[in-house]
Amino acid sequence: MAVRVQTEDFDLGAELAQLREGRTDIGALVSFSGLVRGSDDPDHPLDVMELEHYPGMTEKALAGIEAEATARWNLQASLIIHRYGPLRPGEQIMMVATASRHRQAAFEAAEFLMDFLKSRAPFWKKEKSGGAGSWVDARVSDEDALKRWGRGGA
Amino acid sequence: MAVKVLYFAWLRERIGEASEVVETNAKTVAELVEDLRDRGEEYELAFADVSAIRAAVDQDLVEFDADISGAGEVAFFPPMTGG
Chain A
1 MAVRVQTEDF DLGAELAQLR EGRTDIGALV SFSGLVRGSD DPDHPLDVME
51 LEHYPGMTEK ALAGIEAEAT ARWNLQASLI IHRYGPLRPG EQIMMVATAS
101 RHRQAAFEAA EFLMDFLKSR APFWKKEKSG GAGSWVDARV SDEDALKRWG
151 RGGA
Chain B
1001 MAVKVLYFAW LRERIGEASE VVETNAKTVA ELVEDLRDRG EEYELAFADV
1051 SAIRAAVDQD LVEFDADISG AGEVAFFPPM TGG
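These protein sequence lines are chains A and B, in that order. Heads up, the first sequence is in this note's numbering, so the first residue is 1 and it goes up one at a time. Heads up, the second sequence is in this note's numbering, so the first residue is 1001 and it goes up one at a time.
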C-alpha cells in the first residue's frame, strides 16, 4: 500500500514488477494509467496541462481513499502515483494498481480508487493553448460516479 | 483568532494570493467567507458563487457549516479534477 505525489514521470512496467516482486499470493494485478489527452480541435492544440495540487492534503486524501479500498476489498497490494506540474499531451499523469488473489476485487478496487481520486483528491488542471489558459471544469458525471459506491464522501 | 487561509486554482488567481493569515471571529467556514468578502472586490468576485467552491479545514474536505474554531488552516478551491 503506497501513495506517491511527484513531478517526475514513472515507469508503469517497473512499478508493476516491483509491486509483485517475490510475491506468490497475488493472482490478479490490475493497473490503470491516465494520460494527457491532446485537443481534437486543430485550431486550438493543447500545448501543456498544468496540474496544481494541495501539498499535504493530497497525500492525506489519497491515503484515505486507498485505506477505504483496502477496507472494502481483500487486496494484497495497491499503489497510487499522481504527478503534478506542467505535463504535455501524451504524458502520463497518474496510475493506480491493485493486486488481489482473484480478479474481481482488483478490478473493482481500481475503479473505486479512480472514481474517488477524480473528485476527492485535491488536484486542478489548467489547459494552456496558444498563450491562453483555462481551468478544466469538474464533470457532473464524475461526481455521479461516486454514488454507485454507496456514499458521497471519501 | 488568526487562521491560515489557502486558495487554489482560479480562486488563487482571482484573489492574487496563494495563502494569507486572516484575523477573524468566524466560527464556521460560511462565516469566514463573509469576512473574506469584506476584504475587497477581488474577494467578492472570487466568492460570488459559493456553489462552485469547495472548502477544507485542516486538509479535510468539509461543508460550509463546518466549525473552524481551533483550525490551523482553511482552504478554498474549485471542485477537484484529479485522475
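Treat the hints as calculated values from the structure; they're not laboratory data. Any given hint might turn out to be false.
[As the list claims (entries may be wrong)] Computed spacing ranges between beta-carbons, pair by pair: (1) Ala63/A / Asp1038/B: 23 to 31 Å; (2) Thr24/A / Asp1060/B: 34 to 42 Å; (3) Arg101/A / Glu1044/B: 50 to 58 Å; (4) Gly56/A / Glu1013/B: 35 to 43 Å; (5) Gln18/A / Asp1038/B: 35 to 43 Å; (6) Ala1048/B / His44/A: 42 to 50 Å; (7) Arg101/A / Glu1034/B: 37 to 45 Å; (8) Val1022/B / Asp25/A: 21 to 29 Å; (9) Glu1044/B / Asn74/A: 17 to 25 Å; (10) Phe107/A / Arg1039/B: 42 to 50 Å.
Think of the CB as a built atom: it goes at the ideal place given N, C-alpha and C, for glycine as much as any other residue.
The hints, checked one at a time:
1. Ala63/A / Asp1038/B: 23 to 31 Å: At 37 Å between Cβs, range violated.
2. Thr24/A / Asp1060/B: 34 to 42 Å: For Thr24/A and Asp1060/B the Cβ distance comes to about 38 Å; the hint holds.
3. Arg101/A / Glu1044/B: 50 to 58 Å: Given about 56 Å between the Cβ atoms, the range holds.
4. Gly56/A / Glu1013/B: 35 to 43 Å: Once the Cβ atoms are compared, 21 Å apart, the range 35 to 43 Å for Glu1013/B and Gly56/A is violated.
5. Gln18/A / Asp1038/B: 35 to 43 Å: The hinted range 35 to 43 Å is violated for Gln18/A and Asp1038/B, with Cβ atoms some 53 Å apart.
6. Ala1048/B / His44/A: 42 to 50 Å: At 27 Å between Cβs, range violated.
7. Arg101/A / Glu1034/B: 37 to 45 Å: 53 Å, violated
8. Val1022/B / Asp25/A: 21 to 29 Å: 51 Å, violated
9. Glu1044/B / Asn74/A: 17 to 25 Å: 51 Å, violated
10. Phe107/A / Arg1039/B: 42 to 50 Å: For Phe107/A and Arg1039/B the Cβ distance comes to about 49 Å; the hint holds.
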